[in-house]
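Listed here are the chains, written in short residue letters.
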Amino acid sequence: MTWIRYTLPAAAIVSAAAPAYAVQYLSIGEAQKNAFPSAHFTEVQAGRVWKAEAGGKVEGFFIFDRVIGKHLYIDYAVALTPGGAVHKVEILQYRESYGGEVRSPSWLAQFVGKTSGSALKINGDIRNISGATLSSTHVTEGVKRILAAYANRLR
Amino acid sequence: MPIACDSIRRARPLLGTFVEIEVATAAGPGTEAAIDAAFAAIAEAHRLMSFHERDSDVSHLNRNAGIRPTRVHAWTFQVLEAAVEMHRRSRGIFDVTVAPVLQVMGLLPGLDSDPVIVPERRVTDAIELSPERTVRFRSPAITIDLGGIAKGFAVDRGIEVLRGFDIPRGLINAGGDLRVFGQEPHMIHVRDPRDPSRSIGQVELGDGALASSARRFDLVDGVEPGSSAVIDPRTQRPAGSIDGATVRAPSCMIADALTKVVMISGVGAGDLLAHYGASALLTSVDGEMQITSDWPQAVHRAA
Numbered sequence: 014m015t016w017i018r019y020t021l022p023a024a025a026i027v028s029a030a031a032p033a034y035a036v037q038y039l040s041i042g043e044a045q046k047n048a049f050p051s052a053h054f055t056e057v058q059a060g061r062v063w064k065a066e067a068g069g070k071v072e073g074f075f076i077f078d079r080v081i082g083k084h085l086y087i088d089y090a091v092a093l094t095p096g097g098a099v100h101k102v103e104i105l106q107y108r109e110s111y112g113g114e115v116r117s118p119s120w121l122a123q124f125v126g127k128t129s130g131s132a133l134k135i136n137g138d139i140r141n142i143s144g145a146t147l148s149s150t151h152v153t154e155g156v157k158r159i160l161a162a163y164a165n166r167l168r
Numbered sequence: 331m332p333i334a335c336d337s338i339r340r341a342r343p344l345l346g347t348f349v350e351i352e353v354a355t356a357a358g359p360g361t362e363a364a365i366d367a368a369f370a371a372i373a374e375a376h377r378l379m380s381f382h383e384r385d386s387d388v389s390h391l392n393r394n395a396g397i398r399p400t401r402v403h404a405w406t407f408q409v410l411e412a413a414v415e416m417h418r419r420s421r422g423i424f425d426v427t428v429a430p431v432l433q434v435m436g437l438l439p440g441l442d443s444d445p446v447i448v449p450e451r452r453v454t455d456a457i458e459l460s461p462e463r464t465v466r467f468r469s470p471a472i473t474i475d476l477g478g479i480a481k482g483f484a485v486d487r488g489i490e491v492l493r494g495f496d497i498p499r500g501l502i503n504a505g506g507d508l509r510v511f512g513q514e515p516h517m518i519h520v521r522d523p524r525d526p527s528r529s530i531g532q533v534e535l536g537d538g539a540l541a542s543s544a545r546r547f548d549l550v551d552g553v554e555p556g557s558s559a560v561i562d563p564r565t566q567r568p569a570g571s572i573d574g575a576t577v578r579a580p581s582c583m584i585a586d587a588l589t590k591v592v593m594i595s596g597v598g599a600g601d602l603l604a605h606y607g608a609s610a611l612l613t614s615v616d617g618e619m620q621i622t623s624d625w626p627q628a629v630h631r632a633a
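Sequence lines, in order, name chains V and C.
Just so we're aligned: 61 in my numbering is position 48 of the first sequence, and the numbers increase by one with no gaps anywhere.
Just so we're aligned: 622 in my numbering is position 292 of the second sequence, and the numbers increase by one with no gaps anywhere.
Each hint should be verified, as a subset may be incorrect.
Chain V is faced by these chain C residues, among others (derived, beta-carbon under 8 Å) [to be verified]:
1. Arg342
2. Leu501
3. Pro515
4. His516
5. Pro526
6. Ala544
7. Gln566
8. Val597
9. Val615
10. Glu618
Hints were generated in silico from the structure; no laboratory data involved.
Idealized CB from N, CA, C, for every residue including glycine.
Please construct the entire structure, taking both the sequences and the accompanying hints into account.
In structure tokens form, the structure reads like this:
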């Protein structure tokens, strides 16, 4: 196999100098419906915890949370069984930025009202990326925190 | 490239990273079920081959296989077979037994409370595979970590599930190790290993896999265990001369494993890549980039 020296094409530098990448996967409502398809939801804690019921029976709980890091801002949801076990963990929104805007309200405002499935075309059309693996440790820790905080309390 | 609303995308935290599944919406009403089943297959591969979970096959092997033959799940056995073959073909460069070095570096947790022992000398043929899916280690001091190959395998299993549901086109991306299938190609950006906000090029991928390794960088904060540290088994030190490697191969398992070899061997991995029908892009620490002559370029080569 022969190797060829490769220089970064100017076009790639211009089009891909994207300091931000974001995807909206699911809205809270869609994620609720996916987790408990036939249930109706009662808010237990505003904007954060819902009880899912169907036919007068508790089907489980739905908890919304987010992880904010230096470059990452991730909304995710944990669906719990009535017994307090994890039923499903879904990422709702994934946002990644290197410009330091992750915590800025104006940067975040552009995501409000987006419907699911829309890859937000921030700085172009970057949609699929191969690169060094990004750790999901913080979300995993978040799920553990949620279990510790709610699993017993909600039953 | 299709526009966003033509597809359904879902993401879950699995394999220590974010696993994203994207399928064409034209796939019909069974689509959500197919995605759920693909995630379940990936979670199953994770459960079997996690270094961290006490009840995984890998943990069972690390506790027992140095003492007695230990039976594993067919998937674990398949990954071990591929790992052993890659070890042999790469002349020891690909090595799933470097786990003790990672433990000493604090990148993997210790086993129970025992002190970590790094074997003085590397054992050749450390892993013995027998029919009936039994595994033996040549020494109780051997500890394996399939982190350098199992993630790709998990992606392959997920793809297999989607195809079984007659999904016409899809993609599974496990934090940068990805595989696609279907008529219409997917455009993939390769992240600059030295500046994660930049792309160093695009690859058009119709059927096949792309995996990347890089020196560690972290999008959240601080040091994270389990990141992509690549250890050179000859020196037992982190690989030094390459900043990042991206490999295209027919399967994600092979692409995943080959990135580790390219991170260590650099252009020396050429013959191995050719054997596996793979191609690669590598970035040296001095910033120089090289591609194999068959790199599937949507981008341009230097003159």
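Outcome of the hint check:
Of the supplied interface hints, the one on C:Arg342 holds, with its beta-carbon coming within about 6 Å of a beta-carbon of chain V, less than 8 Å. Proximity of C:Leu501 to chain V holds as hinted, the smallest CB-CB distance being about 6 Å (cut-off 8 Å). Hint status for C:Pro515 relative to chain V: violated, with the closest Cβ pair at about 11 Å, above 8 Å. Given the 8 Å rule on beta carbons, the hint for C:His516 holds: about 6 Å separates it from the nearest Cβ of chain V.
Because the smallest distance between the Cβ of C:Pro526 and any Cβ of chain V comes to about 6 Å, under 8 Å, the interface hint for this residue holds. A least Cβ separation of about 4 Å between C:Ala544 and chain V falls short of the 8 Å threshold, and the interface hint therefore holds. Hint status for C:Gln566: violated, given a least beta-carbon distance of 22 Å to chain V, over 8 Å. A hinted interface residue such as C:Val597 counts as satisfied when its beta carbon comes closer than 8 Å to some beta carbon of chain V; here the least separation is about 5 Å, so the hint holds.
Below 8 Å, beta-carbon pairs count as interface contacts, and C:Val615 has none with chain V, the closest being about 15 Å; its hint is therefore violated. Evaluation of the C:Glu618 hint against chain V yields a held restraint, the C-beta minimum of about 7 Å falling below 8 Å.
Violated hints, in rising order: 3, 7, 9; the structure is consistent with all others.
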